[in-house]
Amino acid sequence: MSAKRMNLREKYQRMTRDLAWKPSYQSEDDIFPQAKYEGIIIHDWDKWEDPFRLTVDAYWKYQAEKERKLYAIIEAFAQNNAQLNVTDARYINALKLFLTGVTPLEYAAHRGFAMSGRNFPGAGPQVSSQFQSIDELRHAQTQIHTISHYNKYFNGFHDWRHMHDRVWYLSVPKSFFDDAMSAGPFEFVTAISFSFEYVLTNLLFMPFMSGAAYNDDMATVTFGFSAQSDESRHMTLGLEVIKFMLEQDERNVPIVQKWIDKWFWRGYRLLALVSMMMDYMLPKRVMSWQEAWEMYFEENGGALFEDLARYGIRMPKYWEVSVKEKNRLSHEVWSVFYNYGHAAAIHTWMPDENEMAWLSEKYPETFDKYYRPRFDHWHKHQKKNGRWYNNTLPMLCQTCQIPMAFTEPDDPTQICYRSSDYEGMQYHFCSDGCKDIFDDEPEKFVQAWLPVHQIYQGNCGGASVPEVLEWYHLKHGQDNLEYLDSQDRANWLRWKGLTEKAEAVLQKAANE
Amino acid sequence: MSNNVFLALQNNEEARPLIEAIEQDNAEATVQHFPAMVKIDCPGRLVVKRETVEALIGRDWDPQEIHVNLISLSGNVEEDDDSFALVRDR
Numbered sequence: 012m013s014a015k016r017m018n019l020r021e022k023y024q025r026m027t028r029d030l031a032w033k034p035s036y037q038s039e040d041d042i043f044p045q046a047k048y049e050g051i052i053i054h055d056w057d058k059w060e061d062p063f064r065l066t067v068d069a070y071w072k073y074q075a076e077k078e079r080k081l082y083a084i085i086e087a088f089a090q091n092n093a094q095l096n097v098t099d100a101r102y103i104n105a106l107k108l109f110l111t112g113v114t115p116l117e118y119a120a121h122r123g124f125a126m127s128g129r130n131f132p133g134a135g136p137q138v139s140s141q142f143q144s145i146d147e148l149r150h151a152q153t154q155i156h157t158i159s160h161y162n163k164y165f166n167g168f169h170d171w172r173h174m175h176d177r178v179w180y181l182s183v184p185k186s187f188f189d190d191a192m193s194a195g196p197f198e199f200v201t202a203i204s205f206s207f208e209y210v211l212t213n214l215l216f217m218p219f220m221s222g223a224a225y226n227d228d229m230a231t232v233t234f235g236f237s238a239q240s241d242e243s244r245h246m247t248l249g250l251e252v253i254k255f256m257l258e259q260d261e262r263n264v265p266i267v268q269k270w271i272d273k274w275f276w277r278g279y280r281l282l283a284l285v286s287m288m289m290d291y292m293l294p295k296r297v298m299s300w301q302e303a304w305e306m307y308f309e310e311n312g313g314a315l316f317e318d319l320a321r322y323g324i325r326m327p328k329y330w331e332v333s334v335k336e337k338n339r340l341s342h343e344v345w346s347v348f349y350n351y352g353h354a355a356a357i358h359t360w361m362p363d364e365n366e367m368a369w370l371s372e373k374y375p376e377t378f379d380k381y382y383r384p385r386f387d388h389w390h391k392h393q394k395k396n397g398r399w400y401n402n403t404l405p406m407l408c409q410t411c412q413i414p415m416a417f418t419e420p421d422d423p424t425q426i427c428y429r430s431s432d433y434e435g436m437q438y439h440f441c442s443d444g445c446k447d448i449f450d451d452e453p454e455k456f457v458q459a460w461l462p463v464h465q466i467y468q469g470n471c472g473g474a475s476v477p478e479v480l481e482w483y484h485l486k487h488g489q490d491n492l493e494y495l496d497s498q499d500r501a502n503w504l505r506w507k508g509l510t511e512k513a514e515a516v517l518q519k520a521a522n523e
Numbered sequence: 685m686s687n688n689v690f691l692a693l694q695n696n697e698e699a700r701p702l703i704e705a706i707e708q709d710n711a712e713a714t715v716q717h718f719p720a721m722v723k724i725d726c727p728g729r730l731v732v733k734r735e736t737v738e739a740l741i742g743r744d745w746d747p748q749e750i751h752v753n754l755i756s757l758s759g760n761v762e763e764d765d766d767s768f769a770l771v772r773d774r
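Line by line, the protein sequences give chains A and B.
Residues in the first sequence are numbered from 12 upward in steps of one, following our numbering.
Residues in the second sequence are numbered from 685 upward in steps of one, following our numbering.
Just so you know, the hints here were simulated from the structure itself, not pulled from any lab data.
Any given hint could be a false lead.
Claimed, not checked - Covered stretches of chain B, going by a simulated chain A footprint (3 or more residues, C-beta under 8 Å): (1) 690–702; (2) 714–720; (3) 748–758.
What the hints assert, rightly or not - Beta-carbon label-pair distances, calculated as ranges: (4) ASP773(B) / ALA501(A): 54 to 62 Å; (5) ALA711(B) / TRP71(A): 54 to 62 Å; (6) TRP71(A) / ILE741(B): 17 to 25 Å; (7) TYR433(A) / ARG700(B): 52 to 60 Å; (8) GLN90(A) / GLU712(B): 50 to 58 Å; (9) SER767(B) / ALA501(A): 34 to 42 Å; (10) THR714(B) / ALA513(A): 37 to 45 Å; (11) SER767(B) / ARG385(A): 51 to 59 Å; (12) ARG700(B) / HIS54(A): 43 to 51 Å; (13) THR510(A) / PRO719(B): 52 to 60 Å; (14) ALA513(A) / PRO719(B): 22 to 30 Å; (15) LEU30(A) / ILE741(B): 28 to 36 Å.
What the hints assert, rightly or not - For lysine-lysine, the following PhoX-like pairs were computed, each having C-alpha atoms within a straight-line distance of at most 25 Å: (16) LYS391(A) / LYS512(A); (17) LYS733(B) / LYS22(A); (18) LYS15(A) / LYS33(A); (19) LYS723(B) / LYS295(A); (20) LYS335(A) / LYS47(A); (21) LYS72(A) / LYS733(B); (22) LYS723(B) / LYS80(A); (23) LYS15(A) / LYS72(A); (24) LYS723(B) / LYS373(A); (25) LYS380(A) / LYS391(A); (26) LYS723(B) / LYS15(A); (27) LYS163(A) / LYS80(A); (28) LYS512(A) / LYS395(A); (29) LYS295(A) / LYS519(A); (30) LYS394(A) / LYS512(A); (31) LYS519(A) / LYS328(A); (32) LYS519(A) / LYS395(A); (33) LYS163(A) / LYS335(A).
The C-beta atom is built at its ideal place from N, Cα and C for all residues, glycine as well.
Isolated chain A (complex conformation):
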């Protein structure tokens, strides 16, 4: 007679806790040297509860099924030349931003969770971290694989890994993850699993993937949702790690709150790139950044923080500022990219009349008043004198590394400047949130590799834009500049057999 099948709880116990052992040759402090220096006090690692109770046998089974489904679709996509079915070639620029900005973060997360799994003394978090590390590697690989198909037809995809380490706006996602990975294991999981994945990741993947679905990019929808199915597990780990730290010792509460404050703001600033993707880069729009922020942060995040109130945790500091900025964020960021479109690995453009009408409708309080006049001016300038680019490099925020273009929380007409003095030098910030983060750890953030400073110091190939582009591995006139004059667009019209007039009709239809 066969043994009775174990239930989920027993199986989880056997295949996680029961595989761990107490060391006898070496002390635990020597084996796990990073476990205590952050100040987090843990009394009993066995109190760690993984709500998903996932064990390695089930993990391989379900992950294999996800992969089979994904690769079937990727193959069908390539075989059917489905890159020609997307709404408009402008859409491809959202994928360029994803591959250069997000995919390397998946790989960084793979490394980060391998490190946290090694450094946590408890078997529960070791197992969850290990699964997540493998998940993140899978995400990086499937994204590279899927998007490689686009590299055969469009510019700007050719050297994304190199660009991630060098291009000015890509230092925003890169430095975000470097900051998390150079912290201790508890801060790392608070940053990535909780603040980024639990609180904010819905705003990255849901709009990107719904955006891909709306714009008929089935390959991206599929890798996105395949990754996102793991993400649900990661979010659950994020919530669990927070609750575990808070329940173990009340002295952990202020440390955790400080990390939540820091990483909410870091993550929110990073998502500024997503805001412009949603409002400007999708030919067919899903919802506005403002609507997404209301749905996924204000409503859903609000409910989450009410849950955590009984532990003494409050909403992250400066969340009100994010709400004040929600009807201007994407417009301010797209303006920056329009200014510096000659130094970017994506094409930029001005929204057409239909798109401007959509923006007016979605942003009735701000668009016509603050942004439409600026865009009209740029439109006119482009028609009369050619496309305008800004040849003065911008000042960057020392913390988030985004050009200083955000406006005062209570005055959308005034650029927000903050600064701090540290050891005889002055440092500049885009917001109170970024200034506070610096002031708490100045010795860390003075080391920031700021692209503009580096260019001026002569570390980026030379002093002129073409020299810097060469150092970025970008081909001037091919990977950068205005979309309307791009090789991508010329090819698109040729492949689709479209006249300019037909293109305009299609673009209009996408918006209706």
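Dock chain B against chain A, hints included.
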């Protein structure tokens, strides 16, 4: 402020009976359709019951199978052999 939990599933053949089971077992659930995705909100608690899903698909169903078509969730996860639930913890 809302105390909704939510579950987002892919809009595909495998997820449709799950959505139907959720609608049967959670009277207050609201189902919203997005491109390629379905988002289900429910105040306080949302449960997917093995028994209901099995009755709809006519085969054994393990609640962990939900991983394959899951996109996102919000709430505290409670999982055992017979159900998968999301709850607000207050």
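Evaluation of the provided hints:
For the stretch 690–702 of chain B, the stated coverage by chain A is satisfied: 3 residues place a CB nearer than 8 Å to a CB of that chain, which reaches the threshold of 3. Only residues whose beta carbon comes within less than 8 Å of a beta carbon in chain A count, and the stretch 714–720 of chain B has 3; three or more means the coverage holds. Coverage of the stretch 748–758 of chain B by chain A holds in this model, with 10 residues showing a Cβ closer than 8 Å to a Cβ of that chain against a need of three. At about 56 Å, the beta-carbon gap between ASP773(B) and ALA501(A) stays in the expected band of 54 to 62 Å.
Taking 54 to 62 Å as the suggested C-beta distance range, the pair ALA711(B) and TRP71(A) does not conform, at roughly 37 Å. Checked against the hint of 17 to 25 Å, the pair TRP71(A) and ILE741(B) passes, with Cβ atoms roughly 23 Å apart. Restraint check, TYR433(A) to ARG700(B): a C-beta distance of roughly 58 Å satisfies the suggested window 52 to 60 Å. Between GLN90(A) and GLU712(B), the C-beta spacing of about 45 Å breaks the proposed range 50 to 58 Å.
For SER767(B) paired with ALA501(A), a C-beta distance near 56 Å fails the hint of 34 to 42 Å. In this structure the supplied range 37 to 45 Å holds for THR714(B) paired with ALA513(A), their Cβ-Cβ distance being about 41 Å. The hint said 51 to 59 Å for the Cβ distance between SER767(B) and ARG385(A), and at roughly 54 Å that hint holds. For ARG700(B) paired with HIS54(A), a C-beta distance near 46 Å keeps the hint of 43 to 51 Å intact.
Roughly 29 Å separates the CB atoms of THR510(A) and PRO719(B), a value that falls outside the hinted 52 to 60 Å. A C-beta distance of roughly 25 Å is found between ALA513(A) and PRO719(B), which places it inside the suggested range of 22 to 30 Å. With their beta carbons about 34 Å apart, LEU30(A) and ILE741(B) fall inside the hinted range of 28 to 36 Å. Only pairs whose Cα atoms come within 25 Å are accepted, and LYS391(A) paired with LYS512(A) is accepted, the gap being roughly 20 Å.
Proximity of LYS733(B) to LYS22(A) is assessed by CA-CA distance (about 20 Å); at most 25 Å being required, the pair is judged to hold. Between LYS15(A) and LYS33(A), the direct Cα distance comes to roughly 29 Å. Violation of the 25 Å bound is thereby established for this hinted pair. Simply put, LYS723(B) and LYS295(A) have alpha-carbon atoms about 20 Å apart, close enough for the 25 Å limit, and the pair holds. This hinted pair does not check out: LYS335(A) and LYS47(A) have alpha carbons roughly 38 Å apart, beyond 25 Å.
Of the pairs offered as hints, the one joining LYS72(A) and LYS733(B) holds, with about 21 Å between alpha carbons and a cut-off of 25 Å not exceeded. A distance of roughly 21 Å separates the Cα atoms of LYS723(B) and LYS80(A); the hinted pair therefore holds under the 25 Å criterion. Of the pairs offered as hints, the one joining LYS15(A) and LYS72(A) holds, with about 21 Å between alpha carbons and a cut-off of 25 Å not exceeded. Distance restraint check for LYS723(B) and LYS373(A): the Cα-Cα separation of roughly 22 Å lies within the 25 Å cut-off, and the hinted pair is therefore satisfied.
The hinted pair formed by LYS380(A) and LYS391(A) meets the criterion: a straight-line CA distance of about 18 Å does not exceed 25 Å. Proposed proximity of LYS723(B) and LYS15(A) is contradicted: the alpha carbons are some 38 Å apart, above 25 Å. At most 25 Å may separate the alpha-carbon atoms for a hinted pair to count; LYS163(A) and LYS80(A) meet this at roughly 23 Å. Annotation: proposed proximity of LYS512(A) to LYS395(A) holds, straight-line Cα distance about 21 Å (limit 25 Å).
Straight-line distance between C-alpha atoms of LYS295(A) and LYS519(A) comes to about 9 Å, which keeps the hinted pair within the 25 Å bound. Of the supplied pair hints, the one linking LYS394(A) and LYS512(A) holds, its CA atoms being roughly 17 Å apart against a limit of 25 Å. Between LYS519(A) and LYS328(A) the CA atoms are separated by roughly 41 Å; this puts the pair beyond 25 Å, and the hint is violated. For the proposed pair LYS519(A) and LYS395(A), the alpha carbon gap of about 24 Å is at most 25 Å, so the pair holds.
As the CA atoms of LYS163(A) and LYS335(A) are separated by approximately 42 Å, the hinted pair breaks the 25 Å bound.
Violation of the numbered hints given earlier is confined to hints 5, 8, 9, 13, 18, 20, 26, 31, 33; the remaining hints are satisfied by the structure.
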